[in-house]
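Asks: One letter stands for each residue in the lines below.
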Amino acid sequence: MNDNEVKRGTISLHGAQRIADVPRRIFGSFIEHLGRSVYGGIYEPEHETADEHGFRGDVLDLVKELGVTCVRYPGGNFVSNYRWQDGVGPKSQRPVRRDLAWHTTEPNQVGLDDFYHWSKAAGTEIMMAVNMGTQGLQSALDEIEYANGAPGTALADWRVANGIREPMDIRMWCIGNEMDGPWQVGHMSAEEYAVAVERTAHAMKLAEPGLELVACGSSSASMPTFGTWERTVLTRAYDYLDFVSCHAYYFERGAKSPQDFLASGENMKHFIATVAAQADDAKAAHQGDHDIALSFDEWGVWYQDDWNRQEAEWKAQNRVLHNEPWPTAPHLLEDTYTVRDAVVEGALMIELLAHCDRVRSASRAQLVNVIAPIMTQNGGPAWKQTVFYPFAFAAHHAVGDAFAPTIHSSQVHTESYGDVDAVRAVVTFDQQTHSGCVLMVNRDMQQATELHLDLQDLLSNTQFTEIIADEQVLLHDDDPYATNTIEHPDRVKLRTLDITASAEHPAQFTVTLPEESWAGFAFHLV
Amino acid sequence: MNDNEVKRGTISLHGAQRIADVPRRIFGSFIEHLGRSVYGGIYEPEHETADEHGFRGDVLDLVKELGVTCVRYPGGNFVSNYRWQDGVGPKSQRPVRRDLAWHTTEPNQVGLDDFYHWSKAAGTEIMMAVNMGTQGLQSALDEIEYANGAPGTALADWRVANGIREPMDIRMWCIGNEMDGPWQVGHMSAEEYAVAVERTAHAMKLAEPGLELVACGSSSASMPTFGTWERTVLTRAYDYLDFVSCHAYYFERGAKSPQDFLASGENMKHFIATVAAQADDAKAAHQGDHDIALSFDEWGVWYQDDWNRQEAEWKAQNRVLHNEPWPTAPHLLEDTYTVRDAVVEGALMIELLAHCDRVRSASRAQLVNVIAPIMTQNGGPAWKQTVFYPFAFAAHHAVGDAFAPTIHSSQVHTESYGDVDAVRAVVTFDQQTHSGCVLMVNRDMQQATELHLDLQDLLSNTQFTEIIADEQVLLHDDDPYATNTIEHPDRVKLRTLDITASAEHPAQFTVTLPEESWAGFAFHLV
Amino acid sequence: MNDNEVKRGTISLHGAQRIADVPRRIFGSFIEHLGRSVYGGIYEPEHETADEHGFRGDVLDLVKELGVTCVRYPGGNFVSNYRWQDGVGPKSQRPVRRDLAWHTTEPNQVGLDDFYHWSKAAGTEIMMAVNMGTQGLQSALDEIEYANGAPGTALADWRVANGIREPMDIRMWCIGNEMDGPWQVGHMSAEEYAVAVERTAHAMKLAEPGLELVACGSSSASMPTFGTWERTVLTRAYDYLDFVSCHAYYFERGAKSPQDFLASGENMKHFIATVAAQADDAKAAHQGDHDIALSFDEWGVWYQDDWNRQEAEWKAQNRVLHNEPWPTAPHLLEDTYTVRDAVVEGALMIELLAHCDRVRSASRAQLVNVIAPIMTQNGGPAWKQTVFYPFAFAAHHAVGDAFAPTIHSSQVHTESYGDVDAVRAVVTFDQQTHSGCVLMVNRDMQQATELHLDLQDLLSNTQFTEIIADEQVLLHDDDPYATNTIEHPDRVKLRTLDITASAEHPAQFTVTLPEESWAGFAFHLV
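Protein chains in written order, with numbering that gives the first Met the number 0: chain W, 0 to 525; chain G, 0 to 525; chain L, 0 to 525.
Bear in mind the hints are in silico, worked out from the structure with no lab data behind them.
None of these values were measured; they are calculated from a predicted model.
One copy or two, it doesn't matter: identical chains are merged, so the pair holds either way.
Here are the simulated EDC-like pairs of lysine to aspartate or glutamate, each with C-alpha atoms no more than 20 Å apart in a straight line:
id, residue 1, residue 2
1, LYS90, ASP156
2, LYS268, ASP290
3, LYS314, ASP168
4, LYS204, ASP98
5, LYS314, ASP238
6, LYS204, GLU323
7, LYS63, GLU470
8, LYS204, GLU312
9, LYS282, GLU211
10, LYS204, GLU310
11, LYS268, ASP420
12, LYS63, GLU124
Please construct the entire structure, taking both the sequences and the accompanying hints into account.
Replies: If you want it as structure tokens, here you go:
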């Protein structure tokens, strides 16, 4: 901890507004056919912990420990040149394909049916994406019928023949992925995608009015079409849409300074506000009866410059034709996360929860090996990266309703966002179990902060008189670049948060957050 | 008959203009895979009257009695998610599908080949629609080659292998169905459909220059794009189009008053005039060499509110996922027609004939069970609805040329159209057989009308001296809501029209039409 | 030779600018599935010279003699309704299809694999076109993977199973054919094609960054969208394009006068300048890093009026449906070329070489039987048309760099282009072999020209002192309509060019070109 002066601040629930119920889907994640996410990640039939379907048991255990609720699949860029039909049926008859998005060979040994089995084992909901790059309407309709149809039609009976009698009841469907991105196979202008998504979403809802459909939003806030894309798409297809996607990645080298990186949540706030405004405009234009929610279905820390360099090299090598087979399940995007990265992700999760009235689903990208909280060695162990911890704490404790506490905090200066609060926090409370949590982050790189935490309002008008701490955890390290690796998988772990109950006020606490740290405090009322 | 004062009027051929030859296709109808139109309608292999192909003989007899000339197939909304390939080949291998348009299970036991057999048995021409919703150009080209190609290519030989050696010679093809309708699978803006129809029609005519192609027009005159849709589509695709579709349905609860309902033909007149003007504009823009004719390929009385309610309920029930199989051949749109409905349809047929210079094809929608003149009970009898009668009389007697007689009539007041003639009539005459007919309607709900009918001009400059009545029929009932049902299939039948030849003038008659009645008078010269 | 006054002029390399290296691909040609180009042209298994793959050896010999370097395949208009998948695999299982472009039956006995074998035998590069009419992105991607993919994926292994283990390494791909033409199956507006080509080219380059992609340009300079088409397409898809197609055909009856016909190269110059300007605009708009080159991939003499008449008759006959099988490999576009046609083609080749800084690929259309330099009789001989000669001379001798000599020439008057130089010429020189050639044409219909040819600059700053003639050929006939036919296959041959070295200057010559003649002079330095 830095020895400078300690700052002071307060986090108070007094007069705080309830934001919304915490949607369980906000703790979603993402598995794409990319690198070793699937093959050697969740799936490794030869692994000693593999189950009957070939899925690694050690990874499944970590997924459950992480508390993931909903997993987006199978892409990502991958989906835009994926034929879902390739991934079902007897494994020996599935075609090997080239994947254009990641320049790899796709063996198709895992597909829709297999992922359904994995999701059952993991206890997670499926958020399925359809291919709008090389396929389209008919293929999407067929996939829905294959997945969800009652036995008795050719497509549903194909599923039954493949061993899954019951309908999969997959409710959330993404209509393509990042179709605004020039890198995307089949990328479109906003007007072109608006036509495609309206047509597809309309037909999908004819098939199943109960589906929840997600339109592609912008691939990042820095896309030149950010905002106008959303307006164009949501206005045309409003009637059939439930969600619009938001994607945002952050990394230290991509920020103007490390302090700016720590304040990445400011960018996410701006992103959410902009997209929500476009969704509201679309609703107003239709005099609509429903809000289009935000599905923040790719978020997290990603060292994008590494990938960009890798891809540029790959393309340069291929200026002349060459005919080498493309690699299968190569090591791609296997970023190793630092403590600082984890603090940033903890802060981003606080933003998502603080806006959960509009953000009704989110997927931390991704889950295993590829920009992931969970890493594996083929034939070897699995371990947790630094970013595992704040996610897991939130996923397990942030239940019930979310509240925006009043925060008084010292400021830190950033180049991108000006002066911003060092401290961000969100409070959740579950009326059923009378338990809750506080998630806090100190984004100040230099100085610790001592916070007065006032949860008194939780006791008002109740029969409860006291707040009992269940867990009090801190993520911090004197070395912000400390990481977990296969050699030192537990180099970074949660510490105990320094939190002291007030002697006089049973719901007031003093908590100290070291510089650039994230903390969680879980409690229940008695 | 109402006891009020009897109105008087005249219907005179004196100086009447020939409109055009009566196109036989104007007596077309429509069979869609919808409800029990096909399964349990025309097709019921277990029925005691079924022929070798499983088609009900009693229904075929009624179809012939109705005098239908041309039948549109297989949809309608159904076609926009139909794969024609599903409907050919061995029946046991045809896939069972879900139909999104009507939320039913499609067993595909009837398809193109089967319908061809049925049409041969019924003596009707096929008007085939291709799927522009989930399929498109290639599928349409394949279907044409399958149907019409000379043996020796893969697609034509597939037809031969399926038992039909000779080309089917299907000449009329609808390029999609109601693509302007937001309810349509794959619906399009006018600009989008204009592109699609131009591309498809061009290629279809490359395949067979002799085809007659029908572009989708507006789904109804109340569509917000009515008129501009036609202009956009016809202007872009003029070179390759022969027809533009018109669709109009009427029902009493949908009209501002019962009197307005009876005057529905006024709406149809407006519809025809508007679309004809757009077709002429498109021709002028291209300095074209051919007229685009109107194909009024969905018309009739349809209690649309019943279906809208049914569909809304269905969708509401499905707000959550459910996995019940969709019904097969359910009772859908089985409207029971009143005498009033039949009078309206008789009046609409008069309008079609009165505009047969532009309306060169028409399909009363539909033929069996679904908003239909012919009803069946599964395993039981078939019977005629009220609307059967005026259609059948016209189809059998309106041959040769159509003439617009001069009409002097009392007026009735409508909210939608102002004051309009109570009486509408059209005359046809066949120079080959020297026979003709007069079709008349009295749209006045209150008062009968006594008409002076002057056909003198038919005798001018001929060797004939007299007009001999062949048939004189009246559709009227003191109870305008009288219907035919399975229990009382003959409650409503044609009556004898009260018509008296003038003693002095061999081609002049006095005819009395009760309030809200339709009448037909068939004759020949001697 | 005309007895009038002989004109005089000069062709001088003094101070001449190097244009660019001569791209070998500029001597490309074109084989389309059209008429007897393939069946009975390159392919005739029953022919006595046929090789193991059924390809005629006599035709292969002539192709090699012609010196063709690169052959575009399989269309042309044909490709826009072609399924490449039909043409691979066991020949007995390939489907027979109708080809809409040329109204013929396609037996699919030659396809991608077979043409690969032919190209190996002919020593030619393949320039492959994909179908953008009835197929699109997915089919194009599959075709690339089938052709070029490393074994190990389903599509590449399909090729291996069909007998071709090694990747074909097909580098140049045309994205559709003449999509601006209203006659084209699936024709598009410039905006529609711009979207399609950007999407397709982007994905193709993801698959193989080393591909060289060709966008459709205008079908002729007389298209109403000429210029704007190029601007729209190249601006949108610039990033992924290497070439833009140019197509131009000329024929005597299509020109305002025979003299205008002889000056057709003026039109080609204008074509090149216009398209190059659009390509540069697109580059500027993107601040681009590469030029889009011109692929003049259909050029030559074609008696288009014959085909237009034939096609109109065909369509007129088909106003009513008829079900005759379509002919297989009929005699279509079998134009018989005159000496004048050959002089024109010689002049056009000079223009291509004179603009080879921008025209980096060209395909004389076509190669065998169909508007072709090589003709065959089924079961009989093959022979050379007049146009064979200037192409073959250039293909063999125009190696190395191209230079634009200074030309002083008398003028001829044309209605289309005003007064133009009678003489056009281009010089090539290969620094490796110290050999070169001069290609010359006298477009004056009336008068011969005596030219002073100054190649002195080739000797400057070298160890060489003299220019030795290797070949000196002349194409001319007193009868400009003389042709080669099966009966008189050698009626027209190359003659010896009248060329005299200067006694004083070892690199100066006097050469006489008769009226409307083409000449080639090949030399090396000593």
